[in-house]
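Quick note, the sequences are listed as chains A and B, same order.
Residues 1 to 281 (UniProt numbering) are what the first sequence spells out, left to right.
Residues 1 to 281 (UniProt numbering) are what the second sequence spells out, left to right.
Hints in this document: simulated from the structure, not taken from any laboratory.
The structure displayed is predicted, hence computed values, not measured ones.
Heads up, some of the hints might be wrong.
Which copy is meant is left open, because identical chains are indistinguishable; a pair holds if it fits in one copy or across any two.
[As the list claims (entries may be wrong)] Straight-line C-alpha distance at most 25 angstroms; calculated DSS-like pairs for lysine-lysine:
1. LYS49 to LYS202
2. LYS138 to LYS278
3. LYS202 to LYS138
4. LYS202 to LYS278
Number of protein chains: 2
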Amino acid sequence: MTVTIIGLGLIGGSLALSLRQHGLAHCLIGVEQQPAHAHRALELGLVDKIETDLGAAVRQADLIVVAVPVDAMVSVLPPVLDATAAHQVVIDVGSTKQALLAAVAEHPHRGRFVATHPMAGTEHSGPDAAVVGLFEGKTMVLCDTANSAPDALQVVEQLFRALPMRLLYLDGADHDLHTAYVSHISHISSFALALTVLEKEKEEQRIFDLASGGFESTVRLAKSAPATWVPIFRHNRLNVLDVLDEHLHQLQHLRELLAREDYAGLEERIQQANHIRKILP
Amino acid sequence: MTVTIIGLGLIGGSLALSLRQHGLAHCLIGVEQQPAHAHRALELGLVDKIETDLGAAVRQADLIVVAVPVDAMVSVLPPVLDATAAHQVVIDVGSTKQALLAAVAEHPHRGRFVATHPMAGTEHSGPDAAVVGLFEGKTMVLCDTANSAPDALQVVEQLFRALPMRLLYLDGADHDLHTAYVSHISHISSFALALTVLEKEKEEQRIFDLASGGFESTVRLAKSAPATWVPIFRHNRLNVLDVLDEHLHQLQHLRELLAREDYAGLEERIQQANHIRKILP
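Required output: the full structure, derived from the provided sequences and hints.
Dropping the structure here:
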């Protein structure tokens, strides 16, 4: 199958590597707005060629993957669908879904589109961040599949089952709610933690000296690119604000317990937090 | 050299494994209050024997390592020093230092004691958490070394350089301040994040389904034991409250930017957070 990938960053690039590795794509075409990224993607062998004309790139492919930041997605997906014929399938891989689904709800080729979100990533970005095996064993969320044509859905299901990925079906609203809870808040928390440490610890050498694996793990997501995350927070603003308020409440509660030296209360809260161990062993 | 380790949990157990692996201890004696942990430590081969009498355990050793939670440390270290003779060396491996240093400041055998803190750990606890290689390549903080006898200090420096670890010298007050900034706050943040997600996401299967590597990494420290961390927060209360207030401030600022849709401001803050990448590449 010929696959066109629009956006050759971490997700688009890693998907190219996975599809090639599993023999699922015999020809990979890239579309990439940044010339340096396009050049690098060719160098790294992520794609076989770069197309500068979007329509031409779409017309040559069996499957088109839109892997640009979620704000760009809303403007890129409609013209992609315009150029899509009845035998082709289009997916996105964005971290928010409601705005995108609304943008193409009335599109005459809506049925060719399957909204997907692989629950996988790293803190790096750009074509150099592409890694083999990023998606294997992870969850792929498929959204509002009732609005996709059955044959298009089947192509996507078979493809991602082959990687293999676990498929999970959610409607767009549920997707945005649950990813705010489980994914988006941990980025906010990590950004704020990095800002905290950079503000308090003016001696950068001390951060380097004292950083243990635990600190590095907690602050890792703070290395993530604003070009990816600002649009996600923007698209999912109300859900993110809601879970962020809960997070502030939990932190303020821990602060209050420590301030008034309620160590039994603090112990009880930590035991409660430890419950995450049962869900993510 | 014969080494007695008091407290056979994650740190004490891992140190036993490292000392044995590097041929730095020919005999390892354990002291452990919980019979199940003592039994397990023997089974795992962390130590050669268990001593129930503290004085006897101390008298047999060249080096005594106190590896109990920091609140217990304050009561265990003085009787250990009471039983310590002029040729022996005692270290602790606790995450807070000022209270402990104050507790032994006037002890007649103060010179035999070297306060150390290895900047390494995991979210697990107990003898089963002991892992080979936990300390290799990490930083070992040595505190208030001017109050240790030069020969005792030399034994400790040679030992940990051999693992190998990087040695860093701080006074007790600086140690507690900087570890609050770099280590303790990331635990508070992770506990609060776990509590947030457990509160908002009532469908535990959803957490499991949607948890990516990023979420798991941010919430990993929330699996840490209250028996270890409540005493650390208690000992370092004022420093932890201070950095926690900064963390609340940073989170509230991100919330405010998102609430008023100041996406340029949000982008600027995330770029600032990304600066952590330069310190921890």
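Checked hints:
1. LYS49 to LYS202: Neither: 47 angstroms inside a chain and 46 angstroms across chains, both beyond 25 angstroms.
2. LYS138 to LYS278: Close inside one copy (19 angstroms), not across copies (30 angstroms); limit 25 angstroms.
3. LYS202 to LYS138: Intra 39 angstroms, inter 21 angstroms, cutoff 25 angstroms: inter-copy only.
4. LYS202 to LYS278: between (38 angstroms within a copy, 14 angstroms between copies)
The structure is inconsistent with hint 1 alone, although it conforms to all the rest.
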